[in-house]
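Chemist: Sequence:
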Amino acid sequence: MVGGQHCRMTLHSHSQRFYPDRLQVNSAFRPSEPREQRPQPPVMVHWTAEEKNAISSIWSKVDVAQVGGEALGRLLIVYPWTQRFFSSFGNLSNAAAIQSNAQVKAHGKKVFIAFGDAVKNPEAVKETFAKLSELHCEKLHVDPVNFKLLGDILVTVLAAHFGKEFTPQIQATFQKLVAVVAHALAHRYH
Numbered sequence: 001m002v003g004g005q006h007c008r009m010t011l012h013s014h015s016q017r018f019y020p021d022r023l024q025v026n027s028a029f030r031p032s033e034p035r036e037q038r039p040q041p042p043v044m045v046h047w048t049a050e051e052k053n054a055i056s057s058i059w060s061k062v063d064v065a066q067v068g069g070e071a072l073g074r075l076l077i078v079y080p081w082t083q084r085f086f087s088s089f090g091n092l093s094n095a096a097a098i099q100s101n102a103q104v105k106a107h108g109k110k111v112f113i114a115f116g117d118a119v120k121n122p123e124a125v126k127e128t129f130a131k132l133s134e135l136h137c138e139k140l141h142v143d144p145v146n147f148k149l150l151g152d153i154l155v156t157v158l159a160a161h162f163g164k165e166f167t168p169q170i171q172a173t174f175q176k177l178v179a180v181v182a183h184a185l186a187h188r189y190h
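In the working numbering, the protein residues as written are 1 to 190.
For the record, the hints were derived by calculation from the structure and aren't laboratory data.
Don't take each hint at face value.
Below, computed lysine to any residue pairings styled on SDA-like, alpha-carbon distance capped at 20 Å [to be verified]:
1. 109 with 119
2. 176 with 155
3. 176 with 111
4. 61 with 166
5. 61 with 103
6. 105 with 64
From just these sequences and the hints, can you work out the full model?
Modeler: And the structure:
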């Protein structure tokens, strides 16, 4: 036991040594390379009738103004670096200011009215968001990872609003939808 312990300690201390002549930059962390991203959905996504019904059923009960404002507000609070895209919105200095900011609420509503177009026609998401993809890529220069973050926040907000009605199956369906929307919004970046 002592010998095994010694071996582990020696191995551990050996792995902690720093050898400047052996220093290499891991290509995964080079700034010029894209960040690690989750797998993207395939170009063509199949939607079952059950998935479409689940999306429509939940979305028909959504107060877009409330959920949109809350989702965008949460994005700005949870991921504060996203605030740089909304500097014209006034006071974003703390969570209370963000949650009560009329411009955040209005823009959140606008974003989720557009998201409703994906709900209405999930097969045509790429076409639906083509102009928004171009705007966010070429004019606003929004990092496409932010689309995924906002989608994840939306799912969190929906789960909070719908509780037990937002089953794991419905969550999986909405995760699929927000991934497809995020991919469509990022399309112009490719």
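Chemist: If a hint holds in the structure, say so; if it does not, say that too.
Modeler: Going through the hints against the structure:
| no. | hint | verdict |
| --- | --- | --- |
| 1 | 109 with 119 | holds (15 Å) |
| 2 | 176 with 155 | holds (10 Å) |
| 3 | 176 with 111 | holds (18 Å) |
| 4 | 61 with 166 | holds (12 Å) |
| 5 | 61 with 103 | violated (23 Å) |
| 6 | 105 with 64 | holds (10 Å) |
Of the numbered hints listed earlier, the single one contradicted by the structure is hint 5.
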